[in-house]
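Asker: Okay, here's what each chain looks like letter by letter:
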Amino acid sequence: MSRRGFLTATAGALGTVAAQPLLSACGTGGAPAKTGAASTSLLQRILPHYKPSSLIKPDYPSVAGSSPAYLSYPSSLVRTVADTPGSGGSYTAITPLWGTIPSAGNPFDQAVNQALGATVSVAPANGNNYSTVLPQLFSGNKLPDWIQVPTFWAPPLNFGQAAADRLADLTPYLAGDKIGQYPNLAAIFSSGWEAGIWDDKLYGFPSYTATFNYGYQLYYRADLLDKLGIGTPSVKSISDLWDLATEVNDPKAKRWALGDIFGYLYQPFNYALWMLDDKGNLITQYESEGIVEAMNWMAKAIKAGLVHPDQVAGNYGNGVTEFYAGQMVIVSDGSGAWNAADAQKGQASNKGYTRASFDFFAASGSGTPKMPLEAATAWTSYLNKGLSPKQVEECLRIANYLAAPFGSIEYNLLNYGVAGVDYTTTGTGPQLTAKGSQYAGSAVSTYNFLVSPNNTVYNAGYPAVTKASATWAQRNAGYGYQPLFYELNVVVPNSLSSANAFTPFNPTSGIMYEVARGRASIADYQSTLATWKRNGGNKLKAFYEGVLAQQKKLGSA
Amino acid sequence: MTDAATSTARQPRASVVAREATTLAAGARRSAAPGGAQRSGRRWWARLRRDRTLLIMTLPALVLLGVFGYAPMLGLVMAFQDYDLYDGLLHSPWVGLANFQQLFSDPGFWQAFWNTLSLFSVQLVLFFPIPIALAILLDSLQSRRLKSVVQAVATLPHFFSFVLVVTIFNEVFGGAGLLDTFLRSHGVTSPFDFMTDPGTFRLLVTSQLIWKEAGWSTIVYLAALSAISPALHEAAAVDGAGYWRRLRHITLPGLKGITILLLILNLGFALTFGFEQMLIQLPAVGSGAAQVITTFSYENGIVAGNYSYGAAAGLFLGVTSVILILGANKVAHLFGEDGLYRK
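So the protein sequences, as listed, match chains S and P.
In terms of my numbering, the numbers along the first sequence are unbroken and rise by one, the last being 557.
In terms of my numbering, the numbers along the second sequence are unbroken and rise by one, the last being 1343.
Quick caveat, the hints were computed from the structure, so don't treat them as lab data.
Check before you lean on any hint, since a few could be wrong.
[Said to hold, decoys possible] Stretch-level coverage of chain P by chain S, calculated; a stretch enters the list once three of its residues show a Cβ under 8 Å from a Cβ in chain S:
no., segment
1, 1077 to 1087
2, 1191 to 1199
3, 1273 to 1284
4, 1305 to 1318
Every value quoted in this text rests on a predicted model; they were computed, and no experiment measured them.
All C-beta atoms, glycine included, are put in the ideal place defined by N, C-alpha and C.
So here's chain S without its partners, still in its complex pose:
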């Protein structure tokens, strides 16, 4: 499962905040519920003012929020931070890392710290169990000075209270025009900063902010389809997808048409975690008709033997390798899967390897396709409340350095490290050396997870990948729409947190997973849904109805 895969699972509490105390808690115990919806004027006062900066003109400019893309690396880099940002301070930090943890004090860390004029010791922690480590850090008050907390893992932390108790309030430093003294930070979209607002205060730094941000897209092996004589496929409806899948499926040759693409089906079948039904009532996606159709379709595909057995068995670990090996032709994944590293690894195992993506489509084949957007970033980092104002200011100057945009000297250092040691410049741009890719820059995303500039697309050595993904994004960004509670960090009262975890609907063990594998029926699904509603689900819905009403009242819905 991709990192982004978690997003659809827990998308409920994504978004930004603002909160006026509004509703009393439903149910027993817990603090009074705080949630929802700051008025637009209050939000205006909290949010840092956006001041765009553009160092270099992109080859594929942003369309409807798609990330700007560059085919080549700029030959002359610009310095955006004139003075050394740090004043000799020493800070600890924790970020998640999906890969081998590099050794501390490696050449890359040393070079960055020297440039920062301060010691920021980032200790990357295993991303796979990051969500279970966070509660211990928060409850034991063992937080480092700076920590990455993805918003999709914030709900179990009761983050409204966590922020107030443990994290530094950045509002006095960054709200409104105050961000002006940190120009690189001011160039991050306001929607990115919104993700770091909890209970009417700005706490978080955004990383990888992108307006056109979504959970999954549907990829296919373009080279395999060429080889099979199919050429560029045209998938305009779910039945087109079925026809294509049955055509390419050949288990005897160890080639299955599909991976487990259920995570993607919310796009064609058009459902989002919170939505309105035909009568305008608030429902969860689990009550929608679309999700039932999606489950039935997936069950049919698995039964027909179109899905790779490992994916049916929930062994997703080898998914990427199997895609490279041509054992799966069509898979769903996040936008992050389409890049130079992917092309490099894919071509290493299969020379002609080419990843391509279907455009969004509507299941019925008629009408405009729709894709519910996710908050502009889920990656937010926070400073410890224990830091003195002087230390916070030093960290802000460091953050300003870390947020330097594509084409700057700072960006180059943070993403590629030191020339000749961590990366070498080829004709097409900087490329990490074998050693550098173990500990440096974008390979480990340590400093990038503290704060980083708005997302840009650039693939050193693979301009074709950039072209394909950037034109795809330009074509599809317009289909994105803002679902209910978009960019709103709803703080759910403790008593409802169990229902809000949507455990029975867990994508890799819950009831939908079972229905898709033919081990449970739609009737079983309905009874699970009824049980969930009885055990707090109805109260949770009532709570969200209150948030919705409040949003409407404040005119921000």
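Chain S is already provided as a structure; the job is to place chain P on it using the hints.
Answerer: Chain P alone, transformed into the frame defined by chain S:
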């Protein structure tokens, strides 16, 4: 029956010694009684002084047990609270038995409970005898070299983690594994997928357990076997007892005590076994077959952040385990066996 006669002739000797020992101890108790508080206090000190070396040797184990066994149990109070990370155990609101009410009305919990019992029963019946058989087999091997090779090979998988074991099984028996690929290339269109079939899951996990643990588990039995005097076998053989007769009347009785002890200990783990094994394979067969109480507690407690609910499930499990182990011990005593301790 000469062999039976030999064993009964020897058995009394051991029990006489034991009986004498208990009589002596009882006598000591009796003579200590009239001595008064002061004397018994002094005797207590004397005994403490006499045994100090042994007591000091047990101290690290006691500290370990206290720190990692008993101290964390204090955290169980959260089962009766609506636990909040920031309020901690001291300030979280009390909710009485609400968590247990929710637990017992949760069909997912009962599913996990029955899965636990049924998986355990199948494993107990199918797995438990295998190390005994293997130990007897190994013990009967004449070549020392062959014996140690077989033993090493059989013991090795114990040191693999379940992640590895499941991966190996998947590579062989999975839908895209060796077996099914072979079948598919020989005209079987949809071969049976052993790894994802909930119906045969109990057999699957038991075979994994046998592959991984059977060799390791023989160690205890081998020790017990080596304690049986070869003279017994020789005497029986001289009297004309064949292999099976000696097995039945010498070897198996010699293993009886340790077998019962291990059976009881196993019952104690009945509800907590296989957390890792189940967690890894949950997605493959679904919660209908693989969700056990420990994974249920983990999923609802740690993953979903609902600590009180997870703790309630954990507490239920702990109490049930204690009842099981005490019950089994009682049964063992009723049958005149030692059980966990000598009565």
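Asker: Counting residues of the segment 1077 to 1087 of chain P that have a beta-carbon nearer than 8 Å to any beta-carbon of chain S, does the count reach 3?
Answerer: With 4 residues closer than 8 Å to chain S, the segment 1077 to 1087 of chain P meets the three-residue bar; holds.
Asker: When I compare C-beta atoms, does the segment 1191 to 1199 of chain P have three or more residues closer than 8 Å to chain S?
Answerer: holds (count 4)
Asker: How does the coverage statement for the segment 1305 to 1318 of chain P fare against chain S, requiring three or more residues with Cβ below 8 Å from a Cβ of that chain?
Answerer: Three-residue rule met by the segment 1305 to 1318 of chain P, so holds; n is 3.
Asker: Would you say the segment 1273 to 1284 of chain P counts as covered by chain S, given the rule of at least 3 residues with C-beta under 8 Å?
Answerer: This one holds; 3 residues, not fewer than the three required, reach chain S with a Cβ under 8 Å.
Taken one by one, the earlier hints all hold for this structure without exception.
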